[in-house]
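Asks: This is what each chain is made of:
Number of protein chains: 2
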Amino acid sequence: MNRLNLSEAGFEQAFDALLAAARDSDADVDAAVKSIVDDVRAKGDEALIELSHRFDRVDLKAQSLRVSEAEIDDAIDRAPRDARDALAFAHGRIEAYHARQKPADLRFTDALGVELGWRWRPIEAVGLYVPGGTASYPSSVLMNAVPAKVAGCARVVMTVPTPDGVLNPLVLAAARLAGVDEIYRVGGAQAVAALAYGTATIAPVAKIVGPGNAFVAAAKRRVFGTVGIDMIAGPSEVVILADRTAEPAWIAADLLAQAEHDTAAQSILITDDTALAADVEREVERQLATLPRAAIAGASWRHFGAVILVPNLRDAVRLVDRLAPEHLEIIAEDAEGLADAIHNAGAIFLGSYTPEAIGDYVGGSNHVLPTARSARFSSGLGVLDFMKRTSILRCDATNLAALAPAAIALGRAEGLDAHAASVDIRTRRG
Amino acid sequence: MNRLNLSEAGFEQAFDALLAAARDSDADVDAAVKSIVDDVRAKGDEALIELSHRFDRVDLKAQSLRVSEAEIDDAIDRAPRDARDALAFAHGRIEAYHARQKPADLRFTDALGVELGWRWRPIEAVGLYVPGGTASYPSSVLMNAVPAKVAGCARVVMTVPTPDGVLNPLVLAAARLAGVDEIYRVGGAQAVAALAYGTATIAPVAKIVGPGNAFVAAAKRRVFGTVGIDMIAGPSEVVILADRTAEPAWIAADLLAQAEHDTAAQSILITDDTALAADVEREVERQLATLPRAAIAGASWRHFGAVILVPNLRDAVRLVDRLAPEHLEIIAEDAEGLADAIHNAGAIFLGSYTPEAIGDYVGGSNHVLPTARSARFSSGLGVLDFMKRTSILRCDATNLAALAPAAIALGRAEGLDAHAASVDIRTRRG
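One line per chain: the protein sequences are A and B, in this order.
The first sequence begins at 1 in full-length UniProt numbering and counts up by one.
The second sequence begins at 1 in full-length UniProt numbering and counts up by one.
Bear in mind the hints are in silico, worked out from the structure with no lab data behind them.
Every value quoted in this text rests on a predicted model; they were computed, and no experiment measured them.
Honestly, I wouldn't trust all of these hints.
One copy or two, either will do: identical chains are not told apart, so a pair holds if it fits within one copy or between any two.
Derived SDA-like pairs (lysine to any residue); straight-line CA-CA distance at most 25 Å [as the list claims (entries may be wrong)]:
| id | residue 1 | residue 2 |
| --- | --- | --- |
| 1 | K102 | H343 |
| 2 | K149 | A104 |
| 3 | K149 | T226 |
| 4 | K34 | A233 |
| 5 | K61 | D424 |
| 6 | K61 | A32 |
| 7 | K34 | T226 |
| 8 | K149 | R318 |
| 9 | K34 | D24 |
| 10 | K102 | D321 |
| 11 | K102 | A88 |
| 12 | K43 | A14 |
| 13 | K149 | V317 |
| 14 | K43 | R318 |
| 15 | K34 | I232 |
| 16 | K102 | A341 |
| 17 | K149 | D340 |
| 18 | K149 | P103 |
| 19 | K102 | G117 |
| 20 | K34 | A17 |
Sequences are here, hints too, so could you generate the full structure?
Replies: As structure tokens, then:
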């Protein structure tokens, strides 16, 4: 764990090192992924069957690539009741929040009488990648599928690998709740290729979202352009801004909740209270002792965790903006004022009673958020990511005549005389 | 030029071939770009000076990398008056249109008393790449810089190469109008690297937008993640949907306005009127004869141009959706109905008096639009591309207690016990 103090010499170097710490293991799998993608493009379902045999040790026939409605029914029956109920509760809240994100169309007439505007339409078909094994999170299915369905996407297609034939029944329950239209038991780069280019069984989609390992990330980068993709997610991170009003044990619990995700996760406390810093450090060690994922959370905390002391929380504003954290908790007297002063964060959690884990599951807002400082320039997943805007323009003879001189002048100035001519030919008449 | 008829055998194959035609020369410059980017990261301004000498044949001292206000004043004085006035007219219209795109923040309290919402903030610093030479379009400066300034970006930085020392004065005039804050005379992959990583003279930005050649596109792909980027633009394209009410000479002029951009540009007419098709073909040849850029426009039309006959314009809807054109003109009796039925287009131009060139310059909407079928999943440039959304959540002790059981159940179901514990610890108290 890194201890920094804004008032001490060497702070800038230490903070820069924290910012620059390469937490992502950028495995170079590009060559392998290229070969997989080419294989799926060339051989379609046959390649999916071969690759699933090789990577997931499952024997799929093409006709069983798709998970049937009966299988989904069975899996839901087998899933624990309390978790199913919790998913339904989460689904309702996530849907209500995202329904407010639906954008409005606009059509207006300006002073010249020109009709202008835009309209939003859903992306027609969207692919949702869901990882297999222990990283197969039903909450992520909701977070990716609900905004797509709220947007109005007609076809939401999920792919999920079934290593050794195992498929998390709660993932199927979440897909059913969210209204996913088709589910295929295939994963890795081969699933991304199938979604982008299509096979006999899987019709292609126009955009692919969802988290995945290095192979999935490389495949998404490779098919970008043919289809849209969401951001490539890095390891998760939290910054907690806290003053003396904060409860050390709660702060420690939140730091560890982040750290348990991944040894590359990052948890940072920034405080103006020396006693709080010490108490939180002690609490982290105490709580680590009983944590099932102590090995992961401990490694994350030791390597990437940090406690940063500042003279005043206002001094932390520029530090937070440089970190641009995925999650920002503010537990301080002037939480709203601090939140307002900070520019860069994926999501802000205000006050003592808003642990970040609430946002992961049942708050209603999306838990797919910008990582690795990308909150400087990008947003969490939302309904807009599943829609596209078309601009609309309509002139008539009168207002075209008013616009024409400037359009013709600019076309000619840019050496694009055919542009100018296409305007000129309409105004010369009559 | 390709002639297709929906009613004839072999249409599907011909249409698929049209869709699949590789118009983009995907030059493999990745290795060269990697070396340039590494060079700029290692040597900063010194690399910019060396590379500008090598590629643009200009001798820059580090202190003259930045274009001075006096130089901008001088250039504006030298620029032709009518073009400057036209730019000012365009600027006013583009600004007015984009001002309507500013998104609203939202903060609401749900039935449980949970406070939810989001807020939008401008990206703090944005880089705008402007190509040099003949592709140095002042209108593109407006289209990229105006939405950034409307969004509220504090720092809009422009880079433009000056091959052989030449800099288009209208580009500087457009930058001044749009409120660009800094201008540097550097281009290519080295400019993109400088914007992403910074040098002694150029402070880094958080997002880079704007068109460029293969080197610029490869550099943008390479720095993506460190900074945000806009779409990688492909060759421009138009689809014109026209019935017997259309004027053949005007349609021909619009097809050629698109074709003159680039030999890889694509112009397609879809009509239900055999006579119109023949008349437009004749008009294209006639107008080509007097066009300054006839060589480019002619090559584009011959290789990638198409006239598609359909029994009824309604039959064209699914064809247009598959083409997902950057620009769609609809010149037909039921223009609004057809526009409504079509899902995928970057921009729609309605009626006889709305040539696409109006949208390029003075309509007010943005001319940076999705190419290469990406209108299936993406939108033209707008104010949202220069802002980011932060979600906000605040619970209190009472509503946290209501949310806690579901959050704890999901945390445990996902094997993330520290997540569950961070909620549990707050509800066990008191």
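Asks: Hint numbers the structure violates, sorted upward?
Replies: Numbers 5 and 14 - these are the hints that the structure violates, sorted from lowest upward.
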